[in-house]
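Assemble the whole structure, with the sequences as input and the hints as a guide.
2 protein chains.
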Amino acid sequence: MYKIDLPSEEVPKKWYNINPDLPVEMPMPQNSENESQLENLPKVFSQGVLDQEFSMDRYIKIPKEVREIYMRIGRPTPLYRAKGLEEKLSTPAKIYYKREDTSPTGSHKLNSAIAQAYYAKKEGVELLTTETGAGQWGTALSLACSMMDMDCRIYMVRVSYDQKPFRKSIMEIYDGEVHASPSKSTEYGRKILEKDPDTPGSLGIAISEAMEDALKDEKTKYSLGSVLNHVMLHQTVIGQELKKQLEIAEEEPDVFIGCVGGGSNFAGSAYPLIKDKLDGKSDCQFIGVEPSSCPTLTKGEYKYDFGDTNGFTPLLKMFTLGHDFIAPSVHAGGLRYHGMSPQISLLVNEGIIEPRSASQKEIFESGTLFAKSEGVVPAPETNHALKVAIDEAKKCKETGEEKTIVVNFSGHGLLDLKGYAGYLENNLE
Amino acid sequence: MYKIDLPSEEVPKKWYNINPDLPVEMPMPQNSENESQLENLPKVFSQGVLDQEFSMDRYIKIPKEVREIYMRIGRPTPLYRAKGLEEKLSTPAKIYYKREDTSPTGSHKLNSAIAQAYYAKKEGVELLTTETGAGQWGTALSLACSMMDMDCRIYMVRVSYDQKPFRKSIMEIYDGEVHASPSKSTEYGRKILEKDPDTPGSLGIAISEAMEDALKDEKTKYSLGSVLNHVMLHQTVIGQELKKQLEIAEEEPDVFIGCVGGGSNFAGSAYPLIKDKLDGKSDCQFIGVEPSSCPTLTKGEYKYDFGDTNGFTPLLKMFTLGHDFIAPSVHAGGLRYHGMSPQISLLVNEGIIEPRSASQKEIFESGTLFAKSEGVVPAPETNHALKVAIDEAKKCKETGEEKTIVVNFSGHGLLDLKGYAGYLENNLE
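Line order of the protein sequences matches chains P and W. Take the first sequence: its position 166, counted from the start at 1, is 166 in the UniProt record's numbering, and no numbers get skipped. Take the second sequence: its position 212, counted from the start at 1, is 212 in the UniProt record's numbering, and no numbers get skipped.
By construction, these hints were calculated from the structure, which means they are not laboratory data. Small disclaimer: the values here were computed from a predicted structure and weren't measured. You can take every hint at face value.
In silico DSS-like pairs for lysine-lysine, Cα to Cα no more than 25 Å straight-line: (1) W:K83 to P:K64; (2) P:K83 to W:K61; (3) P:K372 to W:K121; (4) W:K372 to P:K121; (5) P:K122 to W:K372; (6) P:K88 to W:K121; (7) P:K3 to W:K64; (8) W:K88 to P:K64; (9) P:K3 to W:K61; (10) P:K121 to W:K88; (11) W:K122 to P:K83; (12) W:K3 to P:K61.
Quick look at the structure:
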């Protein structure tokens, strides 16, 4: 069996909320000294997602309209067996990958974009603003807004904007309005540009710009592509499908691997499996992989920090490199974030998820090997997960263990070929 | 039902050969005056595909190894209902699209590339040479050769090479060796460059260069991505799957639409349906759509002509604009070919397939509308088919007819965003 499909009807009917199942209580967001960011939340976010953010219900119904669109964009996504890669590695391990790249926008991001656009539309919002790093989230939100007949404005981290000229085109095909961030359109953007006109930008800065727009206009809301609980929640359609597909393949995963930037692809694919572990039904190992140049989980601190650079957001308890951290211009733009999902941070702190890091050269090496063996060219972000999957499969070759390794294949790299070109020309930092 | 999947086991076991079912006999290839190109064929092509080229067997077994790889790369591909597009057009028509873009290389081309690489490998060939226009075929053959552990050299039409810098990167990820054509590596390339150093190149020239390599070395064979009977044959996995999927959807197609360059995606998806028409079991209408700037079927002549520019190939009876025709630099590089599959040409001449043409601006307009409604960004080539599908769906709105329209969605446009950018900036010729 190379490909395990599920029919449209098998799109989950509920999202899985891990909050009530966490081993310790989630530390709540807080105001910073003399500021009241918590009061800003309803100005910035739609009520629909705010309700979800703090919900303690284990399952939350997916609105019929959202589920319909999930079907239209091709959910459930297929699960593949990486036979070609296994053969190339001569490993006794079995490697499976859940193909979120098959989404029309090329990554898992659409799962939350559709839900967020739906709730905003329902509440009369006319414009959604957002940030994007690699471009995957901005692309997804542009399409979601287009499908919901709303406007979309995207602040794209400058370095990604320059590295990926065609990301702008694809967002514009979907009627998105794209600005390189920091931009001159916001007060905060202008302030940053004055200090450092050549800054590569950061997700934190882009978030501040997008939030500033939402704070200024009632019909404008902000939409975040990762980090927060409701985003993790929306992504759990991945893991619920994955569980069914592994059952069909008659497999119990020994190792689950995903890349981590803000945490959403990891959370969405892993949480339904982590639930089994928390329930004592599985002893699967969970590994989150980040770039060694932006080592939030492996070198950051677990403490309260802002989600953005300017301090518009409340303080969140999470692993962080500091909210003014600006990561070097690596090609995995989707993983260049100073913080991390508070839920994922908690699970790492509790030892449920093991963090690892990988260098830019290593990850492109793994991605190229994967592409040659399986065909699909992975996103640089996804390559982080593949790097560790290959490491684990090689270990199995040494020990003879027939482990079942499952990777969340978060996206394809067809709009990130500049990074591959640099790798092939031996021209990467 | 939005998506109709078939399990891996449903990959067809045989290719369908239309030769014995054609309404009139296929005119055989011929030598030109004082030349003996027919004798060159065994030097240029592997015996496996030559046997297929002239076979009169209605079904030809797909080798087990090839069928395995078809499964590994995700065949059968899904069939989608274009509900979003239907709604946007307020049409009573039902529109289905067969998603060949879900192949790891992004188009149908891998279906023949795998088969051709397989036969060559079996016969001890070490290097396959080929041409590529849009880059889809070169990408597919690079991956197929990589999977078969062979070398691959690609002559890429200069204008596409310049328009699509990242096509080169993806071929190199798969270990392909890419030259802009005309190149300085061949005698014929040098000859053309001397006469016209600024030529945009053409598929005909690139074919001549790739054939020259094969004629010079015993361990080198040439591989063609379209036009010839064996390529059409390999692509019939598409149409066989499509027939089953339409049965599952309980649909009988009224109109089938595909784009045509050399003819392979059209043939592969349509032949199994055309068989029903020839057998009197269906009265489906078949429409092939080409660029108005390269109007082979709509303005060419049905006569014997060379398949390449230099005259290495035998004379083929086909619609042609003349073998020295150089099409303008439109973005649908895959449809810039002076000739046409002899089988498709015969079927057009017999009135079984209706040819139409569309302008560059029209097709990007259709592609953008499709992307906004369905999500997937189509290849510029595929946009030709979508243009006519949208025309037909609009007609249904006027007449109230609930026609079933089926499109072969030959590939995605993620590596062709430059054309979309030009369209969005109102900057297309």
